[in-house]
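Work out the full structure, taking the sequences as your base and the hints as a guide.
Protein chains in written order, with our numbering: chain H, 14 to 257; chain L, 14 to 257; chain U, 14 to 257; chain C, 14 to 257.
Calculated from the structure, these hints are not laboratory results.
Some hints could be false.
Think about it this way: if two alpha-carbon atoms lie no more than 35 angstroms apart in a straight line, the pair counts; the simulated DSBU-like pairs of lysine-lysine are [unchecked claim]:
id, chain 1, residue 1, chain 2, residue 2
1, L, K248, C, K248
2, L, K254, C, K254
3, L, K254, H, K248
4, U, K248, H, K248
5, H, K254, U, K248
6, L, K254, U, K248
7, H, K248, U, K254
8, L, K248, U, K248
9, C, K248, H, K254
10, U, K248, C, K254
4 protein chains.
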Amino acid sequence: MSMSLAIVDPALIEDLVDANHILFHLGVVDGFGHVSARHPEDPGRFFISRSMAPGLVTQSDIMMIDLDGQPLSDSAPTPYLERFIHSEIYRARPDVVAIVHSHSAAVIPFSVVPGATLMPISHMSGFIGDGAPVFEIRNAAGPNSDMLVRNRELGAALATSLGRHNIVLMRGHGSTVVGFNVRQAVYRAVYAELNARQQSEALRLGTPTYLTPGEAVESARANDGQQDRAWNLWKRAVTQKGLA
Amino acid sequence: MSMSLAIVDPALIEDLVDANHILFHLGVVDGFGHVSARHPEDPGRFFISRSMAPGLVTQSDIMMIDLDGQPLSDSAPTPYLERFIHSEIYRARPDVVAIVHSHSAAVIPFSVVPGATLMPISHMSGFIGDGAPVFEIRNAAGPNSDMLVRNRELGAALATSLGRHNIVLMRGHGSTVVGFNVRQAVYRAVYAELNARQQSEALRLGTPTYLTPGEAVESARANDGQQDRAWNLWKRAVTQKGLA
Amino acid sequence: MSMSLAIVDPALIEDLVDANHILFHLGVVDGFGHVSARHPEDPGRFFISRSMAPGLVTQSDIMMIDLDGQPLSDSAPTPYLERFIHSEIYRARPDVVAIVHSHSAAVIPFSVVPGATLMPISHMSGFIGDGAPVFEIRNAAGPNSDMLVRNRELGAALATSLGRHNIVLMRGHGSTVVGFNVRQAVYRAVYAELNARQQSEALRLGTPTYLTPGEAVESARANDGQQDRAWNLWKRAVTQKGLA
Amino acid sequence: MSMSLAIVDPALIEDLVDANHILFHLGVVDGFGHVSARHPEDPGRFFISRSMAPGLVTQSDIMMIDLDGQPLSDSAPTPYLERFIHSEIYRARPDVVAIVHSHSAAVIPFSVVPGATLMPISHMSGFIGDGAPVFEIRNAAGPNSDMLVRNRELGAALATSLGRHNIVLMRGHGSTVVGFNVRQAVYRAVYAELNARQQSEALRLGTPTYLTPGEAVESARANDGQQDRAWNLWKRAVTQKGLA
Numbered sequence: 014m015s016m017s018l019a020i021v022d023p024a025l026i027e028d029l030v031d032a033n034h035i036l037f038h039l040g041v042v043d044g045f046g047h048v049s050a051r052h053p054e055d056p057g058r059f060f061i062s063r064s065m066a067p068g069l070v071t072q073s074d075i076m077m078i079d080l081d082g083q084p085l086s087d088s089a090p091t092p093y094l095e096r097f098i099h100s101e102i103y104r105a106r107p108d109v110v111a112i113v114h115s116h117s118a119a120v121i122p123f124s125v126v127p128g129a130t131l132m133p134i135s136h137m138s139g140f141i142g143d144g145a146p147v148f149e150i151r152n153a154a155g156p157n158s159d160m161l162v163r164n165r166e167l168g169a170a171l172a173t174s175l176g177r178h179n180i181v182l183m184r185g186h187g188s189t190v191v192g193f194n195v196r197q198a199v200y201r202a203v204y205a206e207l208n209a210r211q212q213s214e215a216l217r218l219g220t221p222t223y224l225t226p227g228e229a230v231e232s233a234r235a236n237d238g239q240q241d242r243a244w245n246l247w248k249r250a251v252t253q254k255g256l257a
Numbered sequence: 014m015s016m017s018l019a020i021v022d023p024a025l026i027e028d029l030v031d032a033n034h035i036l037f038h039l040g041v042v043d044g045f046g047h048v049s050a051r052h053p054e055d056p057g058r059f060f061i062s063r064s065m066a067p068g069l070v071t072q073s074d075i076m077m078i079d080l081d082g083q084p085l086s087d088s089a090p091t092p093y094l095e096r097f098i099h100s101e102i103y104r105a106r107p108d109v110v111a112i113v114h115s116h117s118a119a120v121i122p123f124s125v126v127p128g129a130t131l132m133p134i135s136h137m138s139g140f141i142g143d144g145a146p147v148f149e150i151r152n153a154a155g156p157n158s159d160m161l162v163r164n165r166e167l168g169a170a171l172a173t174s175l176g177r178h179n180i181v182l183m184r185g186h187g188s189t190v191v192g193f194n195v196r197q198a199v200y201r202a203v204y205a206e207l208n209a210r211q212q213s214e215a216l217r218l219g220t221p222t223y224l225t226p227g228e229a230v231e232s233a234r235a236n237d238g239q240q241d242r243a244w245n246l247w248k249r250a251v252t253q254k255g256l257a
Numbered sequence: 014m015s016m017s018l019a020i021v022d023p024a025l026i027e028d029l030v031d032a033n034h035i036l037f038h039l040g041v042v043d044g045f046g047h048v049s050a051r052h053p054e055d056p057g058r059f060f061i062s063r064s065m066a067p068g069l070v071t072q073s074d075i076m077m078i079d080l081d082g083q084p085l086s087d088s089a090p091t092p093y094l095e096r097f098i099h100s101e102i103y104r105a106r107p108d109v110v111a112i113v114h115s116h117s118a119a120v121i122p123f124s125v126v127p128g129a130t131l132m133p134i135s136h137m138s139g140f141i142g143d144g145a146p147v148f149e150i151r152n153a154a155g156p157n158s159d160m161l162v163r164n165r166e167l168g169a170a171l172a173t174s175l176g177r178h179n180i181v182l183m184r185g186h187g188s189t190v191v192g193f194n195v196r197q198a199v200y201r202a203v204y205a206e207l208n209a210r211q212q213s214e215a216l217r218l219g220t221p222t223y224l225t226p227g228e229a230v231e232s233a234r235a236n237d238g239q240q241d242r243a244w245n246l247w248k249r250a251v252t253q254k255g256l257a
Numbered sequence: 014m015s016m017s018l019a020i021v022d023p024a025l026i027e028d029l030v031d032a033n034h035i036l037f038h039l040g041v042v043d044g045f046g047h048v049s050a051r052h053p054e055d056p057g058r059f060f061i062s063r064s065m066a067p068g069l070v071t072q073s074d075i076m077m078i079d080l081d082g083q084p085l086s087d088s089a090p091t092p093y094l095e096r097f098i099h100s101e102i103y104r105a106r107p108d109v110v111a112i113v114h115s116h117s118a119a120v121i122p123f124s125v126v127p128g129a130t131l132m133p134i135s136h137m138s139g140f141i142g143d144g145a146p147v148f149e150i151r152n153a154a155g156p157n158s159d160m161l162v163r164n165r166e167l168g169a170a171l172a173t174s175l176g177r178h179n180i181v182l183m184r185g186h187g188s189t190v191v192g193f194n195v196r197q198a199v200y201r202a203v204y205a206e207l208n209a210r211q212q213s214e215a216l217r218l219g220t221p222t223y224l225t226p227g228e229a230v231e232s233a234r235a236n237d238g239q240q241d242r243a244w245n246l247w248k249r250a251v252t253q254k255g256l257a
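This is the structure in structure tokens:
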């Protein structure tokens, strides 16, 4: 951890490192995917690992990047190609404090089938609200891109698709979820994946009854108050594994 | 474990703590869900963990609650919001000695699809009987609730849906199973989840032949006599993991 | 291990104990299921664990039972209720030297859906031949049994359903596979489960091309020569887990 | 490791051994399957384990084989029956430096259902290109073979099915992927399996939008530059497991 990070609340950096390990432990990310947290005192900066597998991240791998996607040091290590997912969402959404981007397995099918909308199937995923929007990168990058959100323009287009939602799917790629803190963003990434699996199963049984918009809002609020119950469990798991 | 718990049969408290760990180990509960046991000498009270992840519960986290859902101590820790699931079922069902509430993954699809009834697909789940009823919380809490069984009225409505069954599904939420002891309730929670997975698969192959009501009753009775075979295995697993 | 077992080839008893652990390690059995081996010198007897979870079996739990299902000692521990699966198949099939009975998860759906026949989808499961027969216990035990093969008559009816096949499914219950040694029976139990999972998936994609009878015979023969490749791997896994 | 191997770049042999362990760790291979690497200085030879489970391979198990499938030593251990998969692809494809053959579970259904083509569903599997061809061994070996690529003729027929693709499915058997180095071949084997699982799910939701040929090429190129991110993670996992 560089000197400039050392003056930030150490608990935030610890949560960010734990988030990397927890998302790996739970299978939300594999060698790819990333999680970031906005700087608590400077909304124009955010913390994120250098380009590496989340499961291997330590405090010394955390770097600072500004909202143009530029590392805040001349000697910065290689950043993620897709850091613009983070920088442009932080720019467009002042309320967002943490972001998780992943390729979690069960979400991807919902990103590629027109008309198959990820909907909240249980109270654990009320944050999905009235359904997750899908970002079609072809609309912004043309039909032959490498699918990566590798510049400001594509990041801004993704942020537009996200709109006021808590989650946006990315066609043939994965999803991005936002939160008011690291723990909430992790919670949402975990339960988005679980919701996708369950919704997929339910759709084969018949026509599911999803949460009403009111149920979604109220259950999401109730769960926000219970976040640490899951976090404490996950924290122990990665500590026992020697990841924390 | 408080002094008032110390005078209870220590084997019961040990089973209750083990039940928390086993349900987590087997993936029936994650950071959420809970298990309780009725007081062996006072049917108006039950034991349950304070509000925390089941996988982290120790004996010192077990508290006593009465059938109004009130903790039996002024200095009691924070109880589960949904303790009324337990208190009202214990009130309505004098035969019930233990209860597991979970959000186990494969059961939820059956809770949200009208007409998709959880049925006993093998002799391991004869306890499902003639099919699991579904509790629709909207009928009791209206269309915009937070989905939680957070008061006596909702607990009583759930108990009514349960009726004389061993399991009740809760729409967009999970399930609650009951037993004549902790081990039986755990067994039922585990095999309800497995049954859901298998029934789901079978439904895609064609029209399954379920157990007849007679087969369900007889196989459930036979399995009750074999409960400890599974319990001993699960107990070793959580002991080896350092959870017990 | 009793004195009478000590005179048998120790390698056979070791394989039988390992088989219990391997089947548990690979998820073919859970707290239930059993595996047996015929006595190498007395075809009228077989070795099997006393009634307990396979994952917990040690050499001292192995007992001898005759083809009437009677333990060969007055002080024998409690045998499995369903030992008649083994005794009657050994009686009917002199070529069979080892038997595995399990409730493996993906096989059960094929047991309950009329017309859904377990067929060999890949060269690893050529032993399934022209499709697994299904034993409907109602035909022998009536419509209200406890589903268990708990006596000689039911065991004999199961053996009749098995016929000359290597595997028989049991409606709403599981399967039984046979082999010319313990390792082959274990291999078949493992790959029957995997085949069921893959066939289930393939059926959703369209109409699968199964192995021809000739391909089934030839690939099964080729795999028989490679059995120890898998066994050595599984043996290490259970040894490392501390099960062996 | 024999003397003749000792003079080769030790990093290559280390990667090859790690590849065996990683493919096992990730469930791409079980007791069966194999991985090879072409000799860096002699394109007419390749390195591969002797016939054994990949999860158990050590450096001393690596042997050299020529493009006729002949071990390069009179005292060579038993080679894999299907080494002709490797020798004939190396002969037909001078650009290929590494090969993985596996029976990975989700790929097999795509190999047996006519018309179900494995297509790239996300940017992680752009290497699948315009869809994986399927090798029907019956066309080369007749209707009653043992399904194994056990001689040069069958290896050559497989290589013809592979053509210029990076992956070829083998009906009722598995798949073979190629790469310009060991790490790329492992990456492709891992993500081919994941792609199959996700495509299978997507097909049940409706009609998936696959990568365009341009997106496939570009995303594959982008991922090639990120290969070590996954490799480093996998390497740690097998090291921690004591496999490396």
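> What are the numbers of the hints that this structure violates, sorted from low to high?
Replying inline: Going through the list in order, the structure violates no hint and respects every one.
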